[in-house]
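Participant: As given, the protein sequences belong to chains L and V, one line each in that order. To convert, note that position 65 of the first sequence is 65 in UniProt numbering; the numbers rise steadily by one, no gaps. To convert, note that position 151 of the second sequence is 151 in UniProt numbering; the numbers rise steadily by one, no gaps.
The set of hints was computed from the structure by calculation and includes no laboratory data. Hints are not guaranteed to be accurate.
The list treats identical chains as one, so a pair stands whether inside a single copy or across any two.
[Claimed, not checked] For lysine-lysine, the following DSBU-like pairs were computed, each having C-alpha atoms within a straight-line distance of at most 30 Å:
id, residue 1, residue 2
1, K44, K3
2, K3, K108
3, K44, K108
4, K107, K44
5, K3, K107
Number of protein chains: 2
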Amino acid sequence: MAKTSRLCSLLLRLLAAAATLCAAVVMATSHDSTTIFGLTLDAKFQYTPSLEFFVVANAVGCGYTLLVLFVPPTTSLSRLVIVFDVTVAMLLTAATAAAGAMAEVGKKGNSHAGWMPICGQVPSFCDHVMGALICAFVGVIAYFLIVLHTIYTLLSPLFP
Amino acid sequence: MAKTSRLCSLLLRLLAAAATLCAAVVMATSHDSTTIFGLTLDAKFQYTPSLEFFVVANAVGCGYTLLVLFVPPTTSLSRLVIVFDVTVAMLLTAATAAAGAMAEVGKKGNSHAGWMPICGQVPSFCDHVMGALICAFVGVIAYFLIVLHTIYTLLSPLFP
């Protein structure tokens, strides 16, 4: 039973590491430019603080997840990992939500504020952002399940 | 010791309920308009999906927090509350981050995308959004502490 639980935790962490790495790389490599009426519209993740935060948060999440794989499961350090798991889960959620909000404006614009959509002009950039968001969402779900799995382990009498 | 722990949990939940209620109300009452060159710029939270999500998430967070106060602490239901606590913590984090990303664009704009800042034109709206974000941030911190407090209670041998 303990072996199955550890295998489940390992698989979830590998999924989270892969998803956050994929999210960070896909967002970091997003770049597109176009010329409209002689003006060049250049789209990079560095131009938007929310997307920069997204790349940093997913890189941190990936690094942390890989580090945790080397923490022996019986030490007291392993019991502190849950505290960091909750922190990383909230960090990844914040990054995904902030980037998602920006992606929504990029795709649909906001006519009330006079912000035009840009995805028609820089489709390759928007495709990269969408791909990165899907990967990050998988990472958030994986971290949610990691936290729930730990709670399940701690509260096992409740789930016979 | 158990009494102090329960009091601490109660105070954190009251703080979370007050903060999320304040965030939802302040954001829901945000409204400002101005006229520039004969064009009316009308700013309401309903015009931005991220801000609508913010109001709904904080209202849900507040309602849930008040409901939990009536769950008896010794029932098995009270042990399931931690699962919902993690969910609400992530929901509030997502709402605050998404609204924060929009507030950043509203305040500073994004010259690369051609999005102009609007806070100079509708300062009252931006002040409301900023106030709501501060309240929501307090709610997120309160929920983070609620989750850590539960983990502390479950792992109490680790923290003598």
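Participant: Hints numbered earlier in the text: which of these fail when held up against the supplied structure?
Facilitator: 1, 2 and 5
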